[in-house]
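Participant: Chain by chain, the residues:
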Amino acid sequence: MSVTSVEKDPESLTVTVRADLDATVERAWQLWADPHQFEQWWGAPGFPTTVIDHNLRAGGQITFFMTGTEGERHDSTWEVLAADPPRHLELRDADVDDDGRPNDGNAMTVMIITIAERDGGGAVMSIRTHFDSLSGMEKELMGFEEGMRIVFSQIEAVLAGTPV
Amino acid sequence: MVVSHESHADVDRIFHALADSTRRDILALAVGDRYSVSALAKRYPMSFAAVQKHVAVLEGAGLITKERRGRERLVRADVDTVQRARVLLEGIEELWRARVDRIDDLLATEKRTTGGKQ
Numbered sequence: 026m027s028v029t030s031v032e033k034d035p036e037s038l039t040v041t042v043r044a045d046l047d048a049t050v051e052r053a054w055q056l057w058a059d060p061h062q063f064e065q066w067w068g069a070p071g072f073p074t075t076v077i078d079h080n081l082r083a084g085g086q087i088t089f090f091m092t093g094t095e096g097e098r099h100d101s102t103w104e105v106l107a108a109d110p111p112r113h114l115e116l117r118d119a120d121v122d123d124d125g126r127p128n129d130g131n132a133m134t135v136m137i138i139t140i141a142e143r144d145g146g147g148a149v150m151s152i153r154t155h156f157d158s159l160s161g162m163e164k165e166l167m168g169f170e171e172g173m174r175i176v177f178s179q180i181e182a183v184l185a186g187t188p189v
Numbered sequence: 147m148v149v150s151h152e153s154h155a156d157v158d159r160i161f162h163a164l165a166d167s168t169r170r171d172i173l174a175l176a177v178g179d180r181y182s183v184s185a186l187a188k189r190y191p192m193s194f195a196a197v198q199k200h201v202a203v204l205e206g207a208g209l210i211t212k213e214r215r216g217r218e219r220l221v222r223a224d225v226d227t228v229q230r231a232r233v234l235l236e237g238i239e240e241l242w243r244a245r246v247d248r249i250d251d252l253l254a255t256e257k258r259t260t261g262g263k264q
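Same order as they appear, the protein sequences are chains A and B. Counting the first sequence from 1 gives a position; my numbering is that position plus 25. Counting the second sequence from 1 gives a position; my numbering is that position plus 146.
The hints are all genuine.
Each pair of labels, with its calculated beta carbon distance range:
#1 B/D156 with A/S30: 27 to 37 Å
#2 B/S182 with A/T92: 47 to 57 Å
#3 A/G146 with B/A185: 50 to 60 Å
#4 B/A254 with A/D109: 24 to 34 Å
No wet-lab data here; the hints were simulated from the structure. No residue lacks a Cβ here, since even glycine has one placed at the ideal position from N, Cα and C.
Could you build the full structure based on these sequences and the hints that come with them?
Facilitator: Listed below in structure tokens is the structure:
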């Protein structure tokens, strides 16, 4: 089971991903609620994620960093806007520098996660990401250059009329 | 072309430009053909000045360029920049597909080690 739909909306600057998971709703919630599990899926291979603080309640903060292949460190601080276990979570990613201060004040990303029972068993998880200024979009793609190169080469191939 | 070298301000301008349906329409037209601003203005129920403003936003984002032909200045799409915007959106999609793959692996490993109990 995996991704069932991806909606990219340049008008509202949102990307909505829906995925079927072979898990109960409560189990799917733990992917976000358990920092150890979150560390295992958030970062790309070769970019380990380390959670520092993890306070999953409204007004709480989640801080973590990812380590790149050259040892460089990318810090993230999320504010928890809403947390209603096990179905609803809203996070705001403040674009911060190494000292945790906002970089430019307008690069904010909001993620709304909803988890529901799936007809026929399992859970459906929907992640709607709203890129407020779109600087956040680039930030989220940090450490994803390899994937970007693959995607770009696919687009190049399509435009050139050659099979991928 | 490497997307990650694009400055944040450039990316913001691209997406701001694309966040309007008239501008997306103008861009789509400019990919296929050359139009003057006055030819574009005839296609929309808005003033020449309004269309000119949309064209200026697209030009400021590097999505279109203007070239002179005789007395007219024709609008054409800058395909490189359009591709950059597409690549960013595709990149976000791929990022999440990869994450969901890792979630699937995590759940599957757990099922194996706990004999299906959660």
